[in-house]
Amino acid sequence: MSAAGFDPIIHAPIRLQACAILASADKVEFGLLRDAIEVSDSVLSKHLKQLEEAGFISLHKAASAGRVRTWVSLTPVGHKAFSAHVTELERLVRSSAAPAAVAGE
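With my numbering, the residue at position 2 of the sequence shown is 2, and numbering never jumps.
A hint or two may mislead.
Said to hold, decoys possible - Okay, derived cross-link-like pairs now, PhoX-like style, lysine-lysine, Cα gap no bigger than 25 Å in a straight line:
# : residue 1 : residue 2
1 : Lys46     : Lys80
2 : Lys27     : Lys49
3 : Lys27     : Lys46
4 : Lys61     : Lys80
5 : Lys46     : Lys61
6 : Lys27     : Lys80
7 : Lys61     : Lys49
8 : Lys80     : Lys49
9 : Lys61     : Lys27
These are computed hints drawn from the structure, not numbers from a lab. Model, not experiment: these values are computed from the prediction.
Start from the sequences, fold in the hints, and give me the full structure.
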């Protein structure tokens, strides 16, 4: 059983949710991402830092209407890692749904 696509960095629930949201958009504003995942700023920041250190996301600050906003996006490496992780999770689900061989049969 190969787990080549399984990524423990992405697998943590908050990071997995963030990657899923980011995979469907070019970029997402930090506050929107925080609200969608329903976590505090500090919790999201901690998880985004881990994704950024892995090279999976990029953060970009931009001024808008007198406020500085942080935008988050998946990098090409992040897209590839997230896709591989989802593929591995799907494989695990399929294998768990297959009838198991019973010893002695």
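Within a Cα-Cα threshold of 25 Å, do Lys80 and Lys49 meet the stated pairing?
Status holds; Cα separation ~18 Å.
Are Lys27 and Lys46 close enough, with their CA atoms no more than 25 Å apart?
holds (19 Å)
Does Lys49 sit within 25 Å of Lys27, going by the straight-line distance between their CA atoms?
Satisfied, since the Cα-Cα distance of roughly 16 Å is no more than 25 Å.
Straight-line Cα separation of Lys46 and Lys80 no greater than 25 Å?
holds (22 Å)
So if I understand the rule, the pair passes when the alpha-carbon distance is 25 Å or less; does Lys27 with Lys80 pass?
holds (16 Å)
Is the straight-line distance between the alpha-carbon of Lys61 and that of Lys80 25 Å or less?
Holds - the C-alpha atoms of Lys80 and Lys61 are around 24 Å apart, at most 25 Å.
Within 25 Å, alpha carbon to alpha carbon, are Lys61 and Lys27?
holds (12 Å)
Straight-line alpha-carbon gap Lys46 to Lys61, limit 25 Å:
Holds - the C-alpha atoms of Lys61 and Lys46 are around 17 Å apart, at most 25 Å.
25 Å limit on alpha-carbon distance, applied to hinted pair Lys61 and Lys49:
holds (15 Å)
Of the hints listed earlier, there is not a single one the structure fails to meet.
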